[in-house]
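There are 4 protein chains.
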Amino acid sequence: MVARDLHPAASTVYVGQTPVGRSTFTLIAGPCAVESYDQAMIATKAAKAAGATILRGDVFKPRTSPYSFQGLGEEGLEILQECRRETGLPIVVEIVDVSHVQHVAEVADCIRVGTRNAQNFELLKECGLTNKPVMLKRGLAMTIDEWLQAAEYVAQRGNSDIILCERGIRTFEPATRNTLDLAGMAVAQHESHLPVIVDPSHAVGKRHLVAPMALAAVAAGADAVMIDVHHDPEHALCDGPQALLPEEIDDLGRRMAAVAAAVGRG
Amino acid sequence: MVARDLHPAASTVYVGQTPVGRSTFTLIAGPCAVESYDQAMIATKAAKAAGATILRGDVFKPRTSPYSFQGLGEEGLEILQECRRETGLPIVVEIVDVSHVQHVAEVADCIRVGTRNAQNFELLKECGLTNKPVMLKRGLAMTIDEWLQAAEYVAQRGNSDIILCERGIRTFEPATRNTLDLAGMAVAQHESHLPVIVDPSHAVGKRHLVAPMALAAVAAGADAVMIDVHHDPEHALCDGPQALLPEEIDDLGRRMAAVAAAVGRG
Amino acid sequence: MVARDLHPAASTVYVGQTPVGRSTFTLIAGPCAVESYDQAMIATKAAKAAGATILRGDVFKPRTSPYSFQGLGEEGLEILQECRRETGLPIVVEIVDVSHVQHVAEVADCIRVGTRNAQNFELLKECGLTNKPVMLKRGLAMTIDEWLQAAEYVAQRGNSDIILCERGIRTFEPATRNTLDLAGMAVAQHESHLPVIVDPSHAVGKRHLVAPMALAAVAAGADAVMIDVHHDPEHALCDGPQALLPEEIDDLGRRMAAVAAAVGRG
Amino acid sequence: MVARDLHPAASTVYVGQTPVGRSTFTLIAGPCAVESYDQAMIATKAAKAAGATILRGDVFKPRTSPYSFQGLGEEGLEILQECRRETGLPIVVEIVDVSHVQHVAEVADCIRVGTRNAQNFELLKECGLTNKPVMLKRGLAMTIDEWLQAAEYVAQRGNSDIILCERGIRTFEPATRNTLDLAGMAVAQHESHLPVIVDPSHAVGKRHLVAPMALAAVAAGADAVMIDVHHDPEHALCDGPQALLPEEIDDLGRRMAAVAAAVGRG
Numbered sequence: 214m215v216a217r218d219l220h221p222a223a224s225t226v227y228v229g230q231t232p233v234g235r236s237t238f239t240l241i242a243g244p245c246a247v248e249s250y251d252q253a254m255i256a257t258k259a260a261k262a263a264g265a266t267i268l269r270g271d272v273f274k275p276r277t278s279p280y281s282f283q284g285l286g287e288e289g290l291e292i293l294q295e296c297r298r299e300t301g302l303p304i305v306v307e308i309v310d311v312s313h314v315q316h317v318a319e320v321a322d323c324i325r326v327g328t329r330n331a332q333n334f335e336l337l338k339e340c341g342l343t344n345k346p347v348m349l350k351r352g353l354a355m356t357i358d359e360w361l362q363a364a365e366y367v368a369q370r371g372n373s374d375i376i377l378c379e380r381g382i383r384t385f386e387p388a389t390r391n392t393l394d395l396a397g398m399a400v401a402q403h404e405s406h407l408p409v410i411v412d413p414s415h416a417v418g419k420r421h422l423v424a425p426m427a428l429a430a431v432a433a434g435a436d437a438v439m440i441d442v443h444h445d446p447e448h449a450l451c452d453g454p455q456a457l458l459p460e461e462i463d464d465l466g467r468r469m470a471a472v473a474a475a476v477g478r479g
Numbered sequence: 214m215v216a217r218d219l220h221p222a223a224s225t226v227y228v229g230q231t232p233v234g235r236s237t238f239t240l241i242a243g244p245c246a247v248e249s250y251d252q253a254m255i256a257t258k259a260a261k262a263a264g265a266t267i268l269r270g271d272v273f274k275p276r277t278s279p280y281s282f283q284g285l286g287e288e289g290l291e292i293l294q295e296c297r298r299e300t301g302l303p304i305v306v307e308i309v310d311v312s313h314v315q316h317v318a319e320v321a322d323c324i325r326v327g328t329r330n331a332q333n334f335e336l337l338k339e340c341g342l343t344n345k346p347v348m349l350k351r352g353l354a355m356t357i358d359e360w361l362q363a364a365e366y367v368a369q370r371g372n373s374d375i376i377l378c379e380r381g382i383r384t385f386e387p388a389t390r391n392t393l394d395l396a397g398m399a400v401a402q403h404e405s406h407l408p409v410i411v412d413p414s415h416a417v418g419k420r421h422l423v424a425p426m427a428l429a430a431v432a433a434g435a436d437a438v439m440i441d442v443h444h445d446p447e448h449a450l451c452d453g454p455q456a457l458l459p460e461e462i463d464d465l466g467r468r469m470a471a472v473a474a475a476v477g478r479g
Numbered sequence: 214m215v216a217r218d219l220h221p222a223a224s225t226v227y228v229g230q231t232p233v234g235r236s237t238f239t240l241i242a243g244p245c246a247v248e249s250y251d252q253a254m255i256a257t258k259a260a261k262a263a264g265a266t267i268l269r270g271d272v273f274k275p276r277t278s279p280y281s282f283q284g285l286g287e288e289g290l291e292i293l294q295e296c297r298r299e300t301g302l303p304i305v306v307e308i309v310d311v312s313h314v315q316h317v318a319e320v321a322d323c324i325r326v327g328t329r330n331a332q333n334f335e336l337l338k339e340c341g342l343t344n345k346p347v348m349l350k351r352g353l354a355m356t357i358d359e360w361l362q363a364a365e366y367v368a369q370r371g372n373s374d375i376i377l378c379e380r381g382i383r384t385f386e387p388a389t390r391n392t393l394d395l396a397g398m399a400v401a402q403h404e405s406h407l408p409v410i411v412d413p414s415h416a417v418g419k420r421h422l423v424a425p426m427a428l429a430a431v432a433a434g435a436d437a438v439m440i441d442v443h444h445d446p447e448h449a450l451c452d453g454p455q456a457l458l459p460e461e462i463d464d465l466g467r468r469m470a471a472v473a474a475a476v477g478r479g
Numbered sequence: 214m215v216a217r218d219l220h221p222a223a224s225t226v227y228v229g230q231t232p233v234g235r236s237t238f239t240l241i242a243g244p245c246a247v248e249s250y251d252q253a254m255i256a257t258k259a260a261k262a263a264g265a266t267i268l269r270g271d272v273f274k275p276r277t278s279p280y281s282f283q284g285l286g287e288e289g290l291e292i293l294q295e296c297r298r299e300t301g302l303p304i305v306v307e308i309v310d311v312s313h314v315q316h317v318a319e320v321a322d323c324i325r326v327g328t329r330n331a332q333n334f335e336l337l338k339e340c341g342l343t344n345k346p347v348m349l350k351r352g353l354a355m356t357i358d359e360w361l362q363a364a365e366y367v368a369q370r371g372n373s374d375i376i377l378c379e380r381g382i383r384t385f386e387p388a389t390r391n392t393l394d395l396a397g398m399a400v401a402q403h404e405s406h407l408p409v410i411v412d413p414s415h416a417v418g419k420r421h422l423v424a425p426m427a428l429a430a431v432a433a434g435a436d437a438v439m440i441d442v443h444h445d446p447e448h449a450l451c452d453g454p455q456a457l458l459p460e461e462i463d464d465l466g467r468r469m470a471a472v473a474a475a476v477g478r479g
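Protein chains in written order, with the working numbering: chain L, 214 to 479; chain X, 214 to 479; chain V, 214 to 479; chain G, 214 to 479.
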């Protein structure tokens, strides 16, 4: 159901009123994790000022260690809704458990399945029962073929508003957190009709590499780019080293727009 | 809580009455998926005859494609209990969703978290609330350090009866389904006090490679080896190409016992 | 000697009269292998028309199988010189054996060490004794740190005119020939003062992916991009599936120039 | 020429008088690098006492950094010959450059092509022109199919006395130097008629993992195992952390013999 063969035209998926698809280019930005009202609002306003039309922000964090910050949960959801009210930006939020899916889907404009849950098939099936778009990140060791089959679990239950998100795969190279597979993004666009976007922040894990990879993603034809923003990365509770400062996302927003124009993407 | 530093002595975990730990060697065998009463019983009896003291068999199958066989569910659980009644072998069963955990933990002697759920932290936490041993497979792209941290999610909730299972990692080599990382097994035994076992069947994915890798695992000091058995692999509903025939597991059981004796494992 | 610490300013390396460095953007194009005078000349003229200022073309081909086409050798070198005479483009040629290095270095404007020889230290040392620029491709399984140390073998012998070339690393993903590591390119630019370029053709191995990855490389800040061209890819003796047709490189040249301008590169 | 299809029976290759093949099990041991007469002789005697019937020892070391110890060269060859005279053990020595091949082949009983040169086709061709056995290590990122094709370069020139050596592949796991692919060894034995051996020392890079992996290799059916020995690893000039002490190789020799007997290998 997600393959090109039976559905040759590329799909556009709407997150709130914002289209994500081949006919436009979209910036998604915001805090990696919601930590407080003030922190989230600063990031949200910086995202909007930089041209973002979708807000990211997580409240349930699947962390490698159980001793790391696990997210604000319900309180975080309230903060995100407040950010939406103030700025009008639709919100995308990660869900990590079947029991949260329906509730988060009511509140958020798009629900996201993270890398570590990319083959959590029960979660995918539950997402397929909602009426909100589902953003599906590629697993760390997932082939593109497996990624599309995971999307099929969502589509099969009746929800084909799916956005694929490339965010780096695991390789032998230790200099970056993961290896951003931009060609994999292009392959997924070729094999499926779904929008495919790129998250350079989680792929590289280092601030100074986010901008070149974001620009590369735009030039390669990504349907959207998703960026972490934090006003005080050194004190961030999650993934500070990869977050852009408000002034950095602002600068990058301008440069992405120039590249988007150069490759004929509005 | 799973690290050696604070718990220098190796732990033994009991599955039913069967010990799994450094002082013994244990064979776990049975069907990959339970398909029918007859199929499961043939595999169970072959497993027992070959020296297995724990029965494996799955009823919920997390398959890459939603169009593949997904398991018999509750009916399969009934069949496994029947197999246990007939042979006395304790059973280990994969769980794939938080909502099943408590129920399966009541029925089974050990619950298993599969490769694709190895960083499904909500599932791990729920397993930590049961009073049955938890077998935790290594994720396809999981470092050993991440594997131990995933085990920590279980232990932190109060259940430290954890068995780690190496089952191959994803690499560039296409000749085998995955690359069995036996040194990774040895590292996990060194870094943690938990028993560490090996599943050669799912690692290699090809029948003729299962025996050499099972023998290698025993020689390397694995605390147990887990093997798929099927009487008619060509018609198996799941992973037939890697299943051993009853006569093959019988022969392998003898050879594993010889190697276990040679390395001083009862 | 190649690290930034001791040499903070980025270096520019001249291939013939063509600069390769941070202050400009350079297109390198031409045939993968020289097959005949006509084939090479068509590719050379297409490369020049598309904006290339350096010509690539190989005459010694290190092929995985000994039964594949191994290159025209000396005859191929004559053809390349002919192409240079006609178009004025300087030429870069792969060397594969210590015994060829001095001879090829006399004829060519830049010598190239290929992926499979990236840690052939005797070859690197010999290149360090020439007075021509050395293009060093990254090995398939080479970390960036190892790549820079390989460059050090060249520099240590007295030749610091070195150009690094990212061309994809080996990962588990089978959809592309290799995984283009554009962030690795950016890391190499950050860690070393050497120019770092990208070869999307050999990285992806599929024609339709070359253009998006070439554009991505430009946007990410690559100092040059190197592209295979062939007028009849189906009958190419080497790597036909990744070669662009003359009209395709022409179109891509224009699009790369637009992206280069958008990111402030000449 | 190396494939099973045309040569169904497994080959035995003789290094000096020592057979390497499916009908026996062989221990190869000695110093990683020859550093001095005394160091080499201690390692050689320890190797022989432990049951080794072939001596390893290198005099040309292809090191990642040009600032590391590069080997004793000709002086080291003299020392190795002295070790052979005293103990009667045939010697295997790495060659790294085409210009050395004929000379080393005259002196040594077996020449070895290392991991970093595994696709240095000029070197392979030159080895094919000697009349000594060639040990071909698997490249860090080489598929088994590519490994066999590299062996074909040697065989095609007339020398089919080739021994394949698995020594770990590069993966994402940082806990070991490389990931020992024992199943890859078994696949190579299945696909080719050549003897296939295992070097656990270079695969794992850590002393305490060498013994379990050596035992695993024997159990899996490796035709030989090759082990580094050093009497003072902390002061070794190369790869000290993986070298076994004389008493450790002695103990391991006994345990390998027991496992070899258990799997029916003399």
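Keep in mind the hints are simulated off the structure, nothing from the lab. The beta carbon of each residue, even a glycine, is placed where N, CA and C say it ideally should be. Where hints are given, some of them may not hold.
Derived DSS-like pairs: lysine-lysine, alpha-carbon spacing no greater than 27 Å straight-line [what the hints assert, rightly or not]:
# : chain 1 : residue 1 : chain 2 : residue 2
1 : G       : K338      : V       : K338
2 : V       : K258      : V       : K419
3 : X       : K338      : L       : K338
Just the calculated beta-carbon pair ranges, DEER-fashion [unchecked claim]:
#  : chain 1 : residue 1 : chain 2 : residue 2 : range
4  : L       : D358      : V       : R370      : 32 to 38 Å
5  : G       : Y227      : V       : R370      : 47 to 53 Å
6  : V       : Y227      : G       : H316      : 27 to 33 Å
7  : G       : G371      : X       : H403      : 43 to 49 Å
8  : V       : Y280      : X       : D358      : 56 to 62 Å
9  : G       : Q230      : X       : D358      : 28 to 34 Å
10 : V       : L342      : X       : S281      : 55 to 61 Å
11 : V       : R217      : G       : S312      : 55 to 61 Å
12 : L       : R217      : X       : S281      : 48 to 54 Å
13 : X       : G371      : L       : D358      : 55 to 61 Å
14 : X       : H316      : G       : E447      : 37 to 43 Å
Hint check results:
1. K338(G) / K338(V): holds (21 Å)
2. K258(V) / K419(V): Given pair K258(V), K419(V) holds - Cα atoms ~22 Å apart, limit 27 Å.
3. K338(X) / K338(L): holds (21 Å)
4. D358(L) / R370(V): 32 to 38 Å: violated (46 Å)
5. Y227(G) / R370(V): 47 to 53 Å: Violated, since Y227(G) and R370(V) (Cβ atoms, about 40 Å apart) do not stay within the stated range.
6. Y227(V) / H316(G): 27 to 33 Å: Roughly 39 Å apart at Cβ, these two residues miss the hinted range, so it is violated.
7. G371(G) / H403(X): 43 to 49 Å: holds (47 Å)
8. Y280(V) / D358(X): 56 to 62 Å: This hint is violated: roughly 44 Å between Cβ atoms.
9. Q230(G) / D358(X): 28 to 34 Å: Since the Cβ atoms of Q230(G) and D358(X) sit about 47 Å apart, the hinted range of 28 to 34 Å is violated.
10. L342(V) / S281(X): 55 to 61 Å: Given range 55 to 61 Å: holds, Cβ gap about 59 Å.
11. R217(V) / S312(G): 55 to 61 Å: violated (35 Å)
12. R217(L) / S281(X): 48 to 54 Å: For S281(X) against R217(L), whose Cβ atoms are near 22 Å apart, the range 48 to 54 Å is violated.
13. G371(X) / D358(L): 55 to 61 Å: violated (40 Å)
14. H316(X) / E447(G): 37 to 43 Å: Violated: the Cβ-Cβ distance is about 56 Å, outside 37 to 43 Å.
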